[in-house]
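Trainee: With the hints as constraints, model all of the structure from the sequences given.
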Amino acid sequence: MSQPARLRITGGTVFDPGNGVDGVVRDVCIEGDRVVADLPADAPQLDARGMVVMPGGVDIHAHVAGSSVNHGRRLVPEEHLADPVPAPRLEHAGLPRSGTGGTIPSTFTTGYRYAGLGYTTVMEAAVAPLMARQAHAELDDTPIIDAGCFVLLGNDDYLLRQLAAGEGARARDYAAWLLGAARAYAIKIVNPGGIARWKSGGAERHVTGLDDAVGSSAVTPRLILGTLADAANALKLPHPVHIHCNNLGQAGNAATTLESMNALAGRRAHFTHLQFHSYGGERGKGWKSAARDVIEYVNAHPEVSADVGQVMFGPATTLTADSPVEHLLYMSTGRKWVNADVELETGCGIVPYAYREKAAVAALQWAVGLELFLLARDPWRVVLSTDHPNGGSFLSYPRLIRLLMDRAYRDEQLKRVNQKLLAGSALLDGLAREYTLNEIAIITRAGPARLLGLVDKGHLGAGAHADVAIYPDDPDRAKMFSTPRYLIKAGTLVVEEGQLRRAPAGRRLAVRPTYDAAVTRDLKRYFDEYASVSFENYPVEPAP
Amino acid sequence: MSDAVILTLVTPPEYTLLADGIAPDRLAALGAQAIAELSVLHGGRAAQLGDFFKVEGERSATLRIEGQLERVEGIGSGMVGGELLIEGDVGRDLGVAMAGGRIDVRGSAGDDVGGARPGASRGMTGGEIVVRGRAGARAGAAARRGLVVVTGDAGDGAGRGMIAGTVVVFGTAASGAGRFMKRGSIVAAGAIERPATFRYACTYRPPHVSLLLRYLRARYDLAIADRLITGRYARYAGDMAELGRGEILQWVGE
Amino acid sequence: MSVHERVVEHVTCLGCGCACDDITVAVKQDRIAEARNACALGVAWFGDGAVPREAQVRGRRSSLWRAIAEAARILEGGQRPLIYLAADVSCETQREAVAIADRLRAALDSVAATAAAGVLAAQRRGRAGATLGEIRQRADLIAFWGVDPGERYPRYVSRYAVHPRGLAAPQGRNSRKLIAVDLGKVRGPADADARVAIAPADEVDALLAMRATVLGRAAGADDRFGPASALARLMMQARYVVIVADGEPGAVPADPDRAEALVTLAQALNGPTRCALSTLRGGGNRTGAEAVLTWQTGFPFAVDFARGYPVYRPHAGAEALLAAGEVDASLVIGAAGSIPPPVAARLARVATIAIGPRASAAPFAPAVAVDTGVAGIHEAGTAFRMDDVPLPLRPALDGPPAAAATVRALRERLCT
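Those protein sequences? They're chains D, W and L, same order as listed. So in numbering that gives the first Met the number 0, the last spot in the first sequence is 543, and the numbers never skip. So in numbering that gives the first Met the number 0, the last spot in the second sequence is 253, and the numbers never skip. So in numbering that gives the first Met the number 0, the last spot in the third sequence is 415, and the numbers never skip.
No lab work stands behind these hints, which were simulated from the structure alone. Keep in mind that a hint or two might mislead.
Claimed, not checked - Incomplete in silico selection of chain L near chain D, CB under 10 angstroms:
| hint | residue |
| --- | --- |
| 1 | 4 |
| 2 | 6 |
| 3 | 21 |
| 4 | 25 |
| 5 | 91 |
| 6 | 118 |
| 7 | 130 |
| 8 | 162 |
| 9 | 167 |
| 10 | 251 |
| 11 | 269 |
| 12 | 291 |
| 13 | 381 |
| 14 | 410 |
| 15 | 411 |
Please read all numbers here as calculations on a predicted model, not as lab measurements. Every residue, glycine too, gets a C-beta built ideally from N, C-alpha and C.
Mentor: Structure representation (structure tokens):
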């Protein structure tokens, strides 16, 4: 290898909130795969005059790879037939690959399209440990982006046993071991206890409250949340426990959401796709927005962070480990439905869906998401997501950014949507706020990187990963953020003059916390007793 | 601008000719040259429409295709409007996932005429298809709206999985007709193999059938006997394994 | 321990779709002396591990390098190449094969297409499924729908679904009610607790009548379906129902609507109770081919790259394209012996390159043959169980060139 590639990005207007740089014209220097303070005058230059320079985008929560995503892909061939994607014209560096799009694109297309938005890091938000090997294989076929996996915990039989036995320390060791075994980055809880109950059959299929008994009377969603939140913090994981609350999508679920936040009061925790958990009203008796109550709690509690999970009008695929919720959606829509119970661990439910402006609930969901964004006081703690592909494809991020930055555009769309359930929504009272470019840089880059503990990402200070997105300063912000002029990933010029030119492999982000090895002996016994795969074949890669 | 674009098959394809880009609404804006240059796949090899068809006329939303077209697949798939007249027998996937317009075949059609794309839960969403001959399997399958008429026999699974819309078969309808049907109507002038999950409702003279048949006689000049137009039909509701809001209307006499 | 004598534990067997990963393989003098825990199918699949190690061009022994060069020449000369994935290759090899199909704008199909009817039904309607271990944990009523797994999936009953104890089945077999649904001569297990006989011609109607019963709609007065409806009512009383059906073709061809009727019945049962449909699939990592094609192209089988991007054409899979005479060059990757006879017979009529276990012994004299190891015996990697659970492969023997490396070499040759 000769001397590392050097590049000086000159004259661009830089938004680097992580370093307090808010729209300052300055150079950004890159050497190899890192940002450096300066370069000799003879270093190659990239003229970014009149353009906006930001760190590469960081998606804190999306579903892009793994068993449940692939079940979803297989379920929508009509979407793929309708959105064919020829191979890009790449300059050397590997074989360019064709693919298909839709709400769940093929793997190569997923990588290309994220880069096409200026994104360089994506978190796969729901990986069943038994299926982790597949998630990593798919990510190996997803170029350009660096990716990490959130491993599903909180409905797994072994953990619930430890809680029933009051073995908090063992539960923590188990979580630590599992993160390594699944080559994962963070702990994800989905509908704590709710999936276990759905899988066990019987009359009561749903967990509806934080104190419902899950199997043993000693085990409740409250205990699951507390134990895993403490585990994540005790293990000093870069990202705290990542929580999808109980009662997703139900009228009145804001009460459950607030109760969950209270249950963890004072402890670091991230609450994901908050929009789906911020509804007022009563189950069966109608809906309304409760975004104000939820976001006010978040605003007042610095230990809490969230991503919004905005709903965007158009096609989506609802895809989650929260299989009981998908069964409800299947019953109400009669659409295609996949349920896949995963032994001893979790579930998977999928229903293709479309959010229509004229549909009352979809309009409410759209409004609730925007309320959360516009009422959030600290952009560092309330960041952008659509829970892709649940609230809409990641391809809709640029339109979402315009909704946040352009009040006229937002109000014009608000007029078109079904108003039936919008009474009491702050949006109707006319929220004047318009996000600045600096705030957009926070909720799409700096903020997610900080919440994920990715110290080398989301900023452009010396030593940071050389992931840089350069956009034309187009007043139509939707257009601007969907057509980066340049994208640099780990020092490689990936997008050039708006064209994808190179597709290097991305890196995998993972943690391997230490634990008391006694847990593995107990796990070995447990696997021999209950599991359908050998303990030795369970980890994605053998322990070091 | 001509009255019609006329494609005449002059070089019969040796292999399957995939022509799913050929639909009247897509040709409406094109000149003869551009039409001849439309891409097709011949046995998986890239080719142009003009390699096989003589092109007459241009810039018209009326398209006539003539010749022995059994090997030509996917004509009119996804079409949203215009008139498509086919003189001769035509291959599979005619008018698949069609959304609007009219297709009139003076000949037989292959499998999935007016049907759904593979794995799709929804097929045709609008428009009309008249096949003056036999139809292959799954005619009108998963239709959400629209009309498919077969003057001859229909293969297995006619109207299978319909969500709404109407399928009319004047010949015999083979097994699986109407299976998985949620809503919609299958009108059978001849024999039809009814799934067991269709339940007899009544025998009557359905006004909507007589209206429909009169329309077909007027609009398409189909020779439809009065005994069918004014006759009695047994109504079977189904598929009871689905919503059960569909119907098979079987002619039982004058 | 010498390389000639060793014991490898936790080996995954690809003899059938059960992919049991508890096999202990004992090696003596570089031959497999024993495959402990394996069933008869598994023992036969492992054999002694002896495989040919030839590279051939038109029947003549050749260097690997020359064979790959000739393979590339034939494929690039083809106007309508077909890439076909047979059994006994890893997902890593399958991923390389799809890349070649993409590069060549080829038609791409796999041995998994034998289960096409079930895949298409699952695309139209979805799935109600569970991993095999979940069936073991939960099932209290198991209905074997015209299949006795003992024949083609020997350890399904002993290792997964029936005998082992589970969370909700503390007594194993005795915690579960087994029902055999006999379709004429096609019978369920002999030791079932109850049997229901359905005339083969009535099978789909019976399944739909059962679904109508579950949905609370009288299907009609037809008493042919009394027993089936009674079975449906029995299922509604259970806590977790599993319907076991064979996804692979049997002696008698199945009604194409059967798979959709099974899926929709299983889905409907998730109202009054819980239910999973367990579709039995063959071995050799064919479900892996389905998964890999899906993630790389968006479609599980019968993919056509002729337009420069993947198009789904289930009616125009390998067999149909070969029958139509479209294909003028083909690349078969995997165990030639696993290719369905109608496909294999027609491969003999086109210039075919065979890369995989025992390629040099392929029934259709290939123009180029490269013997490779068998995934799971000579070659590491990943393979999928019938229920889409990915498992690691632990080779016990050194073998001929690895399939993954050989196919990668061909791909790199084609991409320069």
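Trainee: Would you mind marking each hint as holding or not holding in the structure?
Mentor: Taking the hints in turn, this is what the structure says about them:
1. The restraint placing residue 4 of chain L at the interface with chain D is violated, with a minimum CB-CB distance near 21 angstroms, outside the 10 angstroms limit.
2. Because the closest C-beta pair between residue 6 of chain L and chain D is about 14 angstroms apart, greater than 10 angstroms, the hint is violated.
3. For residue 21 of chain L, the shortest C-beta to C-beta distance to chain D is roughly 6 angstroms, which falls under 10 angstroms, so the interface hint holds.
4. Taken as an interface hint, residue 25 of chain L does not check out: its beta carbon lies about 17 angstroms from the nearest beta carbon of chain D, beyond 10 angstroms.
5. With a cut of 10 angstroms, the hint placing residue 91 of chain L at the interface with chain D holds, because the nearest CB-to-CB distance is about 8 angstroms.
6. The closest approach between the C-beta of residue 118 of chain L and any C-beta of chain D is roughly 8 angstroms, which is under the 10 angstroms cut-off, so the hint is satisfied.
7. Taking 10 angstroms as the C-beta contact cut-off toward chain D, the hint placing residue 130 of chain L at the interface holds, the least distance being around 5 angstroms.
8. With its C-beta approaching chain D no nearer than about 13 angstroms, residue 162 of chain L sits outside the 10 angstroms limit, and its interface hint is violated.
9. Below 10 angstroms, beta-carbon pairs count as interface contacts, and residue 167 of chain L has one with chain D at about 7 angstroms; its hint therefore holds.
10. Of the supplied interface hints, the one on residue 251 of chain L is violated, with its beta-carbon coming no nearer than about 27 angstroms to a beta-carbon of chain D, more than 10 angstroms.
11. Look at residue 269 of chain L: its Cβ gets to within about 6 angstroms of chain D, closer than 10 angstroms, so that hint holds up.
12. Using the Cβ-Cβ criterion of 10 angstroms, the hint placing residue 291 of chain L at the interface with chain D is satisfied: the shortest such distance is roughly 8 angstroms.
13. Because the smallest distance between the Cβ of residue 381 of chain L and any Cβ of chain D comes to about 6 angstroms, under 10 angstroms, the interface hint for this residue holds.
14. About 7 angstroms separates the beta-carbon of residue 410 of chain L from the nearest beta-carbon of chain D, less than 10 angstroms, and the hint is met.
15. Residue-level restraint check for residue 411 of chain L holds (minimum Cβ-Cβ distance to chain D is 9 angstroms; threshold 10 angstroms).
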